[in-house]
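Please build the complete structure, drawing on both the sequences and the hints.
Each chain is listed here by its residues.
Protein chains: 2
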Amino acid sequence: MTSVPERLHLYDTTLRDGAQTQGVQFTTSEKLRIAAVLDALGVDMIEGGWPGANPTDSEFFEKAPRTRATLAAFGMTKRSGRSADNDDLLAAVLNAETPAVTLVGKSHEFHVRTALGIPLDENLDNIRQSFAHLRAKGREAIFDAEHFFDGWKADPGYAIACLHAAFAEGARWIVLCDTNGGTLPQEVARAVEAVIASGIPGDRLGIHAHDDTGQAVANTLAAVDAGVRQIQGTLNGLGERCGNANLVTLIPTLLLKEPYRSRYVTGVTEEALRGLLRASRTLDEILNRVPARQAPYVGAAAFAHKAGLHASAIAKDPTTYEHIDPAAVGNVRIVPMSMQAGQSNLRSRLAEAGIVVEPGDPRLARILEEVKEREGRGYAYDTAQASFELLARRLLGLLPSWFEVERYRVLSERRRNARGQIVTVSEAVVTVQIGDRRITSFHENVHRPEEGDPGPVHALSQALRADLGPLQAHIDDMRLTDFAVRIVGTGTEAVTRVVIDSEDGQGREWTTVGVSGNIIDASFEALVDAITWKLCRDAVPVPG
Amino acid sequence: MTSVPERLHLYDTTLRDGAQTQGVQFTTSEKLRIAAVLDALGVDMIEGGWPGANPTDSEFFEKAPRTRATLAAFGMTKRSGRSADNDDLLAAVLNAETPAVTLVGKSHEFHVRTALGIPLDENLDNIRQSFAHLRAKGREAIFDAEHFFDGWKADPGYAIACLHAAFAEGARWIVLCDTNGGTLPQEVARAVEAVIASGIPGDRLGIHAHDDTGQAVANTLAAVDAGVRQIQGTLNGLGERCGNANLVTLIPTLLLKEPYRSRYVTGVTEEALRGLLRASRTLDEILNRVPARQAPYVGAAAFAHKAGLHASAIAKDPTTYEHIDPAAVGNVRIVPMSMQAGQSNLRSRLAEAGIVVEPGDPRLARILEEVKEREGRGYAYDTAQASFELLARRLLGLLPSWFEVERYRVLSERRRNARGQIVTVSEAVVTVQIGDRRITSFHENVHRPEEGDPGPVHALSQALRADLGPLQAHIDDMRLTDFAVRIVGTGTEAVTRVVIDSEDGQGREWTTVGVSGNIIDASFEALVDAITWKLCRDAVPVPG
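Protein sequences, first through last, are from chains A and B.
Note that full-length UniProt numbering numbers the first sequence so that position 290 is 290, with each residue one more than the last.
Note that full-length UniProt numbering numbers the second sequence so that position 477 is 477, with each residue one more than the last.
Keep in mind that the hints were calculated from the coordinates and are not lab data.
Be aware that one or more of the hints could be misleading.
Chain copies aren't distinguished; within one or between two, either way the pair holds.
[Claimed, not checked] Calculated pairs, EDC-like style, for lysine to aspartate or glutamate (alpha carbon to alpha carbon, straight line, at most 20 angstroms):
id, residue 1, residue 2
1, K63, D39
2, K153, E187
3, K257, E322
4, K372, E450
See below:
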């Protein structure tokens, strides 16, 4: 039995439902960056936010990013007691001028009565009028049927009538939402079958699942199996409570695994799929989150095999303990002691930095040993590519010394000032040797506690970058954009890992790492690496 | 249609498959602590490790924890070319003297040929002889059929023959393992149906799922739906690669949600279920992991509702946006602005600290405001109960002042010593006022970088606790057991949160928190709270 694969549509709501996550607050520029990532990945529709609900969402649509994907604005069906024309909330959504508009509306009689407090018919009428209005305005219309599955269990007739109210008025997609996330896959399948039997075909239906029982992915696939053809989800499963269906997990399952691989096509190409890990990490980075090590497909541990039986079988044939090829999603296999696998990875990472080393060069093994040994002590070269590059260059004899830090001294103090107020003082003194010059720089912060003292590491960074003599002009456009501290290990084994993100006037971004029991010393190491990488990358001559 | 609920058996492998996770290395005492947590939760069987494979696993069984749950030792079926009696690996497993023994064996012809390199019949014979041996020794026998689902897809006849080899020799449980984690729920269901059709009843079958497609929970439930009656999994889904099926997600689904709630019973009581969050957090704490905020049921965000439409509906009726009552799993609802819900939580937390406040006392609102305001600035009073208690006492006028820190000064330096070696120096000076006495203390660390300098916070802590005059005797038995740093927020909004765990000679453990842009100052705040809590709890008289 061969048949033409059917098209599955991917609808991303990272910028709207994802932004509902506690503690998440995207800036407009972050939203634009995420939209670009989604577009490169190949999703069909990007829901950008709720215009009018907050300034960021409105501004995002004003900037109108040019994407291949269709942009959708989100809002809700018109309120009771006014016409669709006269609902200012709805007007604000339409004013965003997006080709597609998604409106959420009630489909659970309990919510119509409890949350809205209106008669059931009035809700149907609000849905009808809202979608008639969208049709009159020529927009592609999507109906998010809130609480659909709970509503269907409570009163299937009413829940399905709500869907038909939008469908009859021309809504392109009717999206079945498991708003509370408590529905299980078999219930999803039964409900979808009932909706299709009621006369709405599967290629007009979408699924919007949440992960409150850890089954958002399974619920989504159960809906697809039952006939649904639009999938709503977010990058990394970002979303309120336990999150939304994770597109980063769903996309490779749809593209790589049977029966989905043969039955369906999506807008995601094989090449875009290889960028999946990068897309996932970009969101983590924007959110300053630690990437989930165990995330399916893209987690750092997703293809990590602990030494022993598995590792030796993997060496004979990777398919023995891997369900897909990690490279397909941009991930890599981690096999302890596997020098063979390690060396080819290493060569490609060095090539990224413009360093070409022949296969079999004995120095590759030395770099690998050193990386492994340092990772055992808490370094993380996965993220800190710039520090990795410097380490490799050092071992390859390709790293000149631009400057030496002779000494630094950092002081942090809490005391009373002349007026008897408590102040915190952070000061740093750094002495560097550059060629035959010796330069000492100083930086001091004095703050009242409530003013937000940036602390001793900031003072050290300022002092270090205050005067590097002949090198100074080369680092003036450098800026530290982020500073992350993590304690690695526990108890007496614990060390502090500091990861610093930097950028420069040419728009380059790089990441360095330092590790020590002493947080000041770990920060110092990452700071020196950050400056050194910049000098190295710009091929700055070593002062005589 | 009513029927007697069937018994589902829960088999935990946190201590064995969970311990296969990269970076996880339990000590024996940690294993004993986890076993106690599992036992209190009510799992039926605890797999403690592989005796003989490493010293920790062997030692765990030597200590033979007394649990209500059955203890199982793990190993593999006998190797070719020797009898079960003469296989030293198998002997080591039996020597652990556990009532139950689990042996993993091959059931995928590809693995028999590729990884073992033996004829297919020989593998069947190894399985048969191994289980005949376990029967002769009177142990409850469990067969983990490795790669069963992949094997069944490749050669169903052989895969099922492997199961029958163990079953015919009296294995109590035949466990179908999705070792590579790539199997999808519908395939799991079909395979289980085929196994049952071959003559092994569902109440002799187990499921062992991995989360490589984000569906370990769904695969487990699909297997149960198809007839399987033993569930293998781990706390928090710990396990190699993407982890094992998460018992912390499965247990509440089985106990609280239909159709499972009516159809099955487990060994977990409703009361034990209310300890689920605590069980999950205990493992995180042992692993020094940040608890997953979005974890189903037990995540801090699992019942967190962002302000707006949802929050106002929740106030009318919590079931509008919640699929279960959070208290059922020991979790709490987080609703911004919900003063009403907040006050009753607050009173119960105060009661835990022995502080009784009448409902409606206006000071409750003040405490809540202060907690909210501080949490907005990065404090985390969820974990830092001791700091919460001090904050509340302060606002209630119930906190005397035992000492005042007049000033502190911390210095961190990197320089060359007299022999020209690089050293890092951390020193701290603290001046405290106690009654009419003024005491200045000093502490210094000097280290070579490779020696592992504990850093400036350690020096500050040592100086602060070096001499508290008349109070000193009361804090001599106090010890800092953990120190965790987290950066909260990003960019210029970022602050440092320091959480300190302390314990004393009476076996009490308490947690305090400090927040500042300056890590030294944040640490200082948490240290002072730690000492103050101890003085308060011991009702130490305030020096005159």
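To see whether the hints hold, each was checked on the structure:
Within a single copy, K63 and D39 get their C-alpha atoms as close as 16 angstroms, which meets the 20 angstroms cut-off; across copies the closest is 57 angstroms, which misses it. For a Cα distance limit of 20 angstroms, the shortest separation of K153 from E187 inside one copy, 9 angstroms, qualifies, whereas the shortest one across copies, 27 angstroms, does not. Taking the closest pair of Cα atoms, K257 and E322 come within 20 angstroms of each other only inside a single copy of the chain (13 angstroms); across copies the shortest separation is 33 angstroms, beyond that limit. Taking the closest pair of Cα atoms, K372 and E450 come within 20 angstroms of each other only across two copies (17 angstroms); inside a single copy the shortest separation is 43 angstroms, beyond that limit.
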